[in-house]
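J.: Chains as they are written, first to last, in this note's numbering: chain D, -16 to 285; chain L, 49 to 461.
Note that these hints are calculated values from the structure, not bench results.
Treat the hints loosely; a few may be bogus.
As the list claims (entries may be wrong) - Under the rule of at most 25 Å between Cα atoms (straight-line distance), these lysine-lysine pairs were calculated in the BS3-like manner:
1) L:Lys237 with L:Lys76
2) L:Lys351 with D:Lys(-14)
3) L:Lys247 with D:Lys(-14)
4) L:Lys299 with D:Lys32
5) L:Lys415 with D:Lys144
6) D:Lys183 with L:Lys372
7) D:Lys(-14) with L:Lys237
8) L:Lys247 with D:Lys38
9) D:Lys110 with D:Lys160
10) D:Lys31 with L:Lys316
11) D:Lys144 with L:Lys394
12) L:Lys351 with L:Lys298
13) D:Lys160 with L:Lys316
14) L:Lys298 with D:Lys31
15) L:Lys247 with D:Lys32
16) D:Lys160 with L:Lys128
17) D:Lys31 with D:Lys183
18) L:Lys247 with L:Lys128
19) L:Lys298 with D:Lys(-14)
20) D:Lys32 with L:Lys316
21) L:Lys299 with D:Lys31
22) D:Lys(-14) with L:Lys299
23) L:Lys351 with L:Lys302
24) L:Lys372 with L:Lys394
25) L:Lys379 with L:Lys351
26) L:Lys421 with L:Lys394
27) D:Lys(-14) with L:Lys302
28) L:Lys415 with L:Lys394
Claimed, not checked - Examples of chain L residues toward chain D, derived with CB under 8 Å:
29) Tyr121
30) Phe252
31) Gly320
32) Gly321
33) Ala324
34) Glu325
35) Ala457
Nothing here was measured: the structure is a model prediction, and the numbers come from that model.
Backbone N, C-alpha and C define an ideal beta-carbon position, used for all residues, glycine too.
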Amino acid sequence: MSKYHLDYLEQLEAESIHIFREVAAQFERPALLFSGGKDSITMVHLAKKAFAPGKIPFPLVHIDTGHNFPEALEFRDWLANEVNATLVVRKVEDTIKQKNLTEPKGKFPSRNWLQTYTLLDTIEEFKFDACIGGARRDEEKARAKERIFSVRDEFGQWNPKLQRPELWNIYNGRIHKGENVRVFPISNWTELDIWNYIRKENIDLPSIYFAHERQVIEHEGQLVAISEFVQPDASDVVLTKQVRYRTVGDMTCTAAVESAAANLDEVINEIIATRISERGETRIDDKVTEAAMEDRKKNGYF
Amino acid sequence: MDLLRFITAGSVDDGKSTLIGRLLYDSKNILIDQLEALEKSTKNRTDGSVDLALLTDGLRAEREQGITIDVAYRYFTTPKRKFIIADAPGHVQYTRNMITGASNASLIIVLVDARQGVVEQTRRHSIIASLLKIPHVVVAINKMDLVEYSQDVFNNIVIDYAEVAKQLGLKNVTYIPISALNGDNIVDKSEIIDWYDGKPLLEFLEEVDTAHDIDLDNARFQVQFVIRPQTEELHDYRGYAGKIISGIYKKGDKVKVLPAGLETSISKLEVGGREAEEVFAPQAAVIQLADDIDISRGDAIVKTEDTPVVSNELEVLLCWLDDKPLQTGNKYYLQHNSRLVRAVVKSIEYKLDVNTLQQQPVEGGVKLNEVVKATIRTASPLVYDPYDQFVVNGSAILVDETSNSTVAAVLLQ
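If we strip away everything but chain D, and leave its shape as in the complex, we get:
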């Protein structure tokens, strides 16, 4: 192999860095939507490399549902400080109060859907014209069809039938006032690509991605951690299990995986061996309807 050859991770990295730089150059007020999960942590790493030795030229924005893992929040604050980035946090809790929204009910009261309100308000507050998100096309069918630069109207809505053709590596970010663009720099990465890149680049992750002991209940075959937001019913059996998280979302809608994988090599081996997809294994809310994501995206979701 010639020395002038990039392997697949280096190619993906180069593509993502190219996209980050296009965003910084084409937009006046971009923001990186930071969820606290491995995908957004990887994005921060890529953004850092894209603009080194300068700092990342846009803020990290966290839409805080109030249902986060404390480990993820702690890590978020540490990371923003580490890369010297501005961190903007807006709370779903406040939106619920201001707008008198109805809190979700039930055993797993997910505020996932309500995040959209806070996100759209935050976009308006800061006049963000580009929001960089960590969605990957391999995650889900609706995402497989979204462009890297995805124009949203003033209501934040995605119209799958009116997407701009995206040719070669040329990104058209021109928009009308009031519109914004969602940009997905890691569209072409798969879950395994992300993990392999984290290992290659030695990227730090919150501790909950690795095996630890936790009190859980079993719900439709998934393990859900007991927390102040999820309480066991009389019929639940509370178990203490060794688990790790494969994705990190809200405590109310993210399931744990039983695992003894304590380091990246072991986690990656388990993911290679698994026969269940990331969302299928860990998201409690996605099974509701096949088109759940399509509906949320059309309404302004990430």
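With chain D fixed as given, assemble chain L onto it according to the hints.
T.: Okay, now just chain L, sitting in the frame of chain D:
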């Protein structure tokens, strides 16, 4: 492990979705819950068996109507390669979708129905492949099970297609007899098609040599973003961030900044914050120059001994992608990599029939999916290479100033 991007092209009933479903399924890239969802949606229909084509149908709107709206991207990995499939639908708006999907592909699978042979759609897909200069072509002759796995049928289609390929100047054409439905010659070599001694499709995709698809001889770079930290320790730092479009740059190289034409040399190279002695395509790099020159986004940095075309009068092929027709005299933005300039379409010479390649006169405006030869003038010069010689530095888009839509693919001549 490296990366291969390919596109699948076929008309509506050629079995394209089944082929992709089969590739994902047989290479064990379908997971249990995805399969369960598939079985569930098959049950909602009436025909019973698991339909592999459903694996690739994305949106609910599409599933309800049984059509595909747009280009979808699929991913799968084998121990040898990571693959990105651009899956473009085969009906109305096909040209637009196919160009979108094909623009980044280094290989195209042209599906031919063994019962139909080379048809108008096959020719059209192949013409687009030749226009866009996709380096590798696989002609997958599908539904061999429906022609009793006949070698004669296969051979006749090969003879017919070879004629098309010759006419279009397509190189690197490979023919594979398959049955996507039954899995013949997809992942494993078919036992029934024993007269075929080539590789099954997946093995071919894993081994096709793409190392030479990237040009390492002619160095091209365009400034995307200027990095100026303006901190105390990096007070005078000024780095030009961009993608190495092609070729290799070394520290000390004598370079020319275009279109201004000023000469200087490379003082420092960086990739991802780390200093490098040399950088090469398609790395995302930062170049620092020995002299303080006024450089901004869209400017090109090339070697003094090898310079591209610098001009504001452009001969182009336009693939029209918008519902609103193009008229002579219309003004647009032209975006060439990161360079954005105002442009006017001065004249439209002829229309290219995408079925026959014949030149035809243009009457009225240029409509969606039409390909025309035109002359464009830009407000400031473009630094480019002819697309035929140099895809990555010869492509651009037109953007409508009022709708902001991407309205045309531009192949610079």
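J.: Hint by hint, note whether the structure agrees.
T.: Each hint tested on the structure:
1. As the CA atoms of Lys237 (chain L) and Lys76 (chain L) are separated by approximately 16 Å, the hinted pair is consistent with the 25 Å bound.
2. Straight-line distance between C-alpha atoms of Lys351 (chain L) and Lys(-14) (chain D) comes to about 21 Å, which keeps the hinted pair within the 25 Å bound.
3. A hinted pair counts as satisfied when its Cα atoms are at most 25 Å apart, and Lys247 (chain L) with Lys(-14) (chain D) does not qualify at roughly 29 Å.
4. In summary, the hint linking Lys299 (chain L) to Lys32 (chain D) is supported, as the alpha carbons are separated by about 20 Å, within the 25 Å threshold.
5. Under the criterion of a C-alpha separation no larger than 25 Å, the hint pairing Lys415 (chain L) with Lys144 (chain D) is consistent with the structure, at around 19 Å.
6. Taken as a hint, the Lys183 (chain D) and Lys372 (chain L) pair is broken in the structure, with Cα atoms around 48 Å apart against an allowance of 25 Å.
7. Note on Lys(-14) (chain D) and Lys237 (chain L): the hinted pairing is violated, with a Cα-Cα distance of about 34 Å set against a maximum of 25 Å.
8. Restraint check: the Cα-Cα separation between Lys247 (chain L) and Lys38 (chain D) comes to about 50 Å, which exceeds 25 Å; the hinted pair is violated.
9. Taken as a hint, the Lys110 (chain D) and Lys160 (chain D) pair is honoured in the structure, with Cα atoms around 10 Å apart against an allowance of 25 Å.
10. Restraint check: the Cα-Cα separation between Lys31 (chain D) and Lys316 (chain L) comes to about 19 Å, which is no more than 25 Å; the hinted pair holds.
11. Among the hinted pairs, Lys144 (chain D) with Lys394 (chain L) is inconsistent with the structure: their alpha-carbon atoms are about 31 Å apart, more than 25 Å.
12. A hinted pair counts as satisfied when its Cα atoms are at most 25 Å apart, and Lys351 (chain L) with Lys298 (chain L) qualifies at roughly 10 Å.
13. Of the pairs offered as hints, the one joining Lys160 (chain D) and Lys316 (chain L) is violated, with about 40 Å between alpha carbons and a cut-off of 25 Å exceeded.
14. A C-alpha spacing of about 24 Å is found between Lys298 (chain L) and Lys31 (chain D), which places the hinted pair at or below 25 Å, so the restraint holds.
15. Using a Cα cut-off of 25 Å, the hinted pair Lys247 (chain L) and Lys32 (chain D) is violated, with the two alpha carbons roughly 41 Å apart.
16. Among the hinted pairs, Lys160 (chain D) with Lys128 (chain L) is inconsistent with the structure: their alpha-carbon atoms are about 46 Å apart, more than 25 Å.
17. Simply put, Lys31 (chain D) and Lys183 (chain D) have alpha-carbon atoms about 16 Å apart, close enough for the 25 Å limit, and the pair holds.
18. Distance restraint check for Lys247 (chain L) and Lys128 (chain L): the Cα-Cα separation of roughly 15 Å lies within the 25 Å cut-off, and the hinted pair is therefore satisfied.
19. At roughly 14 Å between alpha-carbon atoms, Lys298 (chain L) and Lys(-14) (chain D) fall within 25 Å of each other, so this suggested pair holds.
20. Our distance criterion of 25 Å between C-alpha atoms is met by Lys32 (chain D) and Lys316 (chain L), whose separation comes to about 16 Å.
21. For the hint linking Lys299 (chain L) to Lys31 (chain D), the alpha-carbon distance of about 23 Å falls within 25 Å, and the restraint holds.
22. Between the alpha carbons of Lys(-14) (chain D) and Lys299 (chain L) the distance comes to roughly 17 Å, so the proposed pair stays at or under 25 Å and holds.
23. With a CA separation close to 6 Å, the supplied pair Lys351 (chain L) and Lys302 (chain L) stays within the 25 Å bound.
24. With a CA separation close to 18 Å, the supplied pair Lys372 (chain L) and Lys394 (chain L) stays within the 25 Å bound.
25. Restraint check for Lys379 (chain L) and Lys351 (chain L): not satisfied, since their Cα atoms lie roughly 33 Å apart, outside the 25 Å limit.
26. Between Lys421 (chain L) and Lys394 (chain L), the direct Cα distance comes to roughly 11 Å. Compliance with the 25 Å bound is thereby established for this hinted pair.
27. Proximity of Lys(-14) (chain D) to Lys302 (chain L) is assessed by CA-CA distance (about 22 Å); at most 25 Å being required, the pair is judged to hold.
28. A distance of roughly 17 Å separates the Cα atoms of Lys415 (chain L) and Lys394 (chain L); the hinted pair therefore holds under the 25 Å criterion.
29. Of the supplied interface hints, the one on Tyr121 (chain L) holds, with its beta-carbon coming within about 5 Å of a beta-carbon of chain D, less than 8 Å.
30. For Phe252 (chain L), the suggested interface contact is broken, since its CB lies about 19 Å from the closest CB of chain D, more than 8 Å.
31. Interface restraint check: Gly320 (chain L) against chain D, minimum CB-CB distance 4 Å, threshold 8 Å, status holds.
32. The interface hint given for Gly321 (chain L) is met, as the beta carbon of that residue sits about 3 Å from the closest beta carbon of chain D, less than 8 Å.
33. Restraint check, Ala324 (chain L) versus chain D: the minimum CB separation of about 12 Å is more than 8 Å; hint violated.
34. The closest approach between the C-beta of Glu325 (chain L) and any C-beta of chain D is roughly 11 Å, which is over the 8 Å cut-off, so the hint fails.
35. For Ala457 (chain L), the shortest C-beta to C-beta distance to chain D is roughly 5 Å, which falls under 8 Å, so the interface hint holds.
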